[in-house]
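Chemist: Now for the letters of each chain:
Protein chains: 2
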Amino acid sequence: MIIAAERAARPSDFSAPSPPQEGGFCPFCPGNESATPHEILRRRTADAEGGDAWSVRVFPNRYPALRVEGELVRSAHGIFDRISGVGAHEVIVETPRHDVAFGDLSLPAVSEVLRVWRDRILDLSRDERLAYVSIFKNQGAAAGATLAHEHSQLLALPTVPRDVELELQAGDDHWRRKERCLSCDVIRQEREEGVRIVHEGERFVAIAPWASPTPFLVWIFPKAHASHYESSSDDLLASLASALRIVLQKLGTALEDPAYNLVLVSGRLRGGPSPSAHWRLEVAPAVTTSGGFERASGCWINSTPPEDAAAFLRKVPSR
Amino acid sequence: MIIAAERAARPSDFSAPSPPQEGGFCPFCPGNESATPHEILRRRTADAEGGDAWSVRVFPNRYPALRVEGELVRSAHGIFDRISGVGAHEVIVETPRHDVAFGDLSLPAVSEVLRVWRDRILDLSRDERLAYVSIFKNQGAAAGATLAHEHSQLLALPTVPRDVELELQAGDDHWRRKERCLSCDVIRQEREEGVRIVHEGERFVAIAPWASPTPFLVWIFPKAHASHYESSSDDLLASLASALRIVLQKLGTALEDPAYNLVLVSGRLRGGPSPSAHWRLEVAPAVTTSGGFERASGCWINSTPPEDAAAFLRKVPSR
Numbered sequence: 181m182i183i184a185a186e187r188a189a190r191p192s193d194f195s196a197p198s199p200p201q202e203g204g205f206c207p208f209c210p211g212n213e214s215a216t217p218h219e220i221l222r223r224r225t226a227d228a229e230g231g232d233a234w235s236v237r238v239f240p241n242r243y244p245a246l247r248v249e250g251e252l253v254r255s256a257h258g259i260f261d262r263i264s265g266v267g268a269h270e271v272i273v274e275t276p277r278h279d280v281a282f283g284d285l286s287l288p289a290v291s292e293v294l295r296v297w298r299d300r301i302l303d304l305s306r307d308e309r310l311a312y313v314s315i316f317k318n319q320g321a322a323a324g325a326t327l328a329h330e331h332s333q334l335l336a337l338p339t340v341p342r343d344v345e346l347e348l349q350a351g352d353d354h355w356r357r358k359e360r361c362l363s364c365d366v367i368r369q370e371r372e373e374g375v376r377i378v379h380e381g382e383r384f385v386a387i388a389p390w391a392s393p394t395p396f397l398v399w400i401f402p403k404a405h406a407s408h409y410e411s412s413s414d415d416l417l418a419s420l421a422s423a424l425r426i427v428l429q430k431l432g433t434a435l436e437d438p439a440y441n442l443v444l445v446s447g448r449l450r451g452g453p454s455p456s457a458h459w460r461l462e463v464a465p466a467v468t469t470s471g472g473f474e475r476a477s478g479c480w481i482n483s484t485p486p487e488d489a490a491a492f493l494r495k496v497p498s499r
Numbered sequence: 181m182i183i184a185a186e187r188a189a190r191p192s193d194f195s196a197p198s199p200p201q202e203g204g205f206c207p208f209c210p211g212n213e214s215a216t217p218h219e220i221l222r223r224r225t226a227d228a229e230g231g232d233a234w235s236v237r238v239f240p241n242r243y244p245a246l247r248v249e250g251e252l253v254r255s256a257h258g259i260f261d262r263i264s265g266v267g268a269h270e271v272i273v274e275t276p277r278h279d280v281a282f283g284d285l286s287l288p289a290v291s292e293v294l295r296v297w298r299d300r301i302l303d304l305s306r307d308e309r310l311a312y313v314s315i316f317k318n319q320g321a322a323a324g325a326t327l328a329h330e331h332s333q334l335l336a337l338p339t340v341p342r343d344v345e346l347e348l349q350a351g352d353d354h355w356r357r358k359e360r361c362l363s364c365d366v367i368r369q370e371r372e373e374g375v376r377i378v379h380e381g382e383r384f385v386a387i388a389p390w391a392s393p394t395p396f397l398v399w400i401f402p403k404a405h406a407s408h409y410e411s412s413s414d415d416l417l418a419s420l421a422s423a424l425r426i427v428l429q430k431l432g433t434a435l436e437d438p439a440y441n442l443v444l445v446s447g448r449l450r451g452g453p454s455p456s457a458h459w460r461l462e463v464a465p466a467v468t469t470s471g472g473f474e475r476a477s478g479c480w481i482n483s484t485p486p487e488d489a490a491a492f493l494r495k496v497p498s499r
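First to last, the sequence lines map onto chains A and B.
The first sequence stops at residue 499 when you use my numbering, and every number in between is there.
The second sequence stops at residue 499 when you use my numbering, and every number in between is there.
Quick caveat, the hints were computed from the structure, so don't treat them as lab data.
You can trust all of the hints, since none of them are fake.
Derived EDC-like pairs: lysine to aspartate or glutamate, alpha-carbon spacing no greater than 20 Å straight-line:
1. K358(B) with D261(A)
2. K495(B) with E436(B)
3. K358(A) with D261(B)
4. K358(B) with E347(B)
5. K403(B) with D415(B)
6. K403(A) with E380(A)
Some chain A residues near chain B, calculated using beta-carbon distances under 7 Å:
7. M181
8. S314
9. V445
10. C479
Small disclaimer: the values here were computed from a predicted structure and weren't measured.
Every residue, glycine too, gets a C-beta built ideally from N, C-alpha and C.
All chains, please: the whole structure from these sequences, using the hints.
Modeler: Below, the structure is given as structure tokens:
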């Protein structure tokens, strides 16, 4: 767990969740660049419009959960463990437009965002103190967003977080016993069965996973084995952008533009290429509220079988 | 994960979370008993008022995630695993009063609820198909409640859910290496340090746990080692009721009656007494919304150090 006392100053913390502000000042809009911390990266895509100074911007989170400065210290406190909060917490503003949904951006614009994610991971992976980079997007108040303007976030961590570690270990175990990648096995079975396929293109397949914890959860896998997202070519990321837009647009149509979380699950930093890890994107519409049971058990109750979700999403058009 | 397609009929599912209904018909109020499924148990405490026919009622959830009927079948589906949805899903209405908070009920009334929890676990533990009973309470819409009238829920499961199993295994590992209970070690260190103690009575101690995932999380432990909640005497549960009321009232004062989850974490059914498991109650105010990072990593970012939460809660009066 990350204890980040400085974040308590964040206006949205510590009261009932408040909806993203609309109509007020937006620090992510063009012209307000001085309202954000120093820029780490700025890109301008070929299809940017005349007046656009940038298409994608990256800067540190104003209320960072982790900081780049300082030495990495691991220590015991009695029977407890502590590790210093070294890392990075960045914001990726995905478009200069305040009112366009990420999934409705042009193919080159979405591709640029996916390349920026890759390039930030590659840059951060040179820091030997870091063990894992999590990239995620919270869209809508119910999904944890505090600002409406489309953006994603990046957390670079000094340790692999528990649930990622458990999954990587499960992949390692499967590899040791079978000498096959667990995700490749899943992809093969899903393509044979077909019932949980949401969309399939040349290089990516989107599925509603077996025993999905939440309704309409979608995983997007590269069909060819690949352990690390940051090894992706521009060409592969253009294919991913196409698959991701289709999935987001289908979900937007099916569930009337739901709040959602988008997460990259990838291998350990500098740990690849690995035969047992296989990166993916997860798109999780925030259509249910978790309660005490889910919190305590890690087990979710899902009233929408993934087979039903996939059948519905296959039928629904992308915009 | 539990796939419960029948629950899709539940009115609150599948749209944005809606607040608990107020002012309308309440199926949990006295006089509306016929609106609930058949009663499993009914209790009347000594301090019930004249007109009260009952103090606590238990019946099956109308939209059950699991059902008592049927054979327990474990099967493989290609590389996936399936287990039939055998179990129980019950509702415990904790008071006949529609508008009284659980933590403001009388000591005998709270004690009766805690005895009903125990008695339901004891009854269900005779069913050899069941492996674990989770008891939890969602209070307030932000905590997953769909009805405002105070109630808790019980899920009896054919398998120990993942996060409980991981914790029980961690306890087993600690016992094998040290021949000490991990929770007893935690309790000892917390009592020595004092900084994370929220409240301490003769038989129970309430702490804000080290590296709490969420703000103002409180664990209530029996100070004497005990692996299974259902082995508790009436006397011990009266002490627990006292500690729980103090914690709930302190949280109510500190956070202005927050939505919260209350969860019992206990040992495997028929697995005790065990030297390595130690039951507890968790009270988790729902003051933050989780996002994609928490979802994918199992790691939470908490801006309120447990030491600060405990210091604040120690000062705040219980009502």
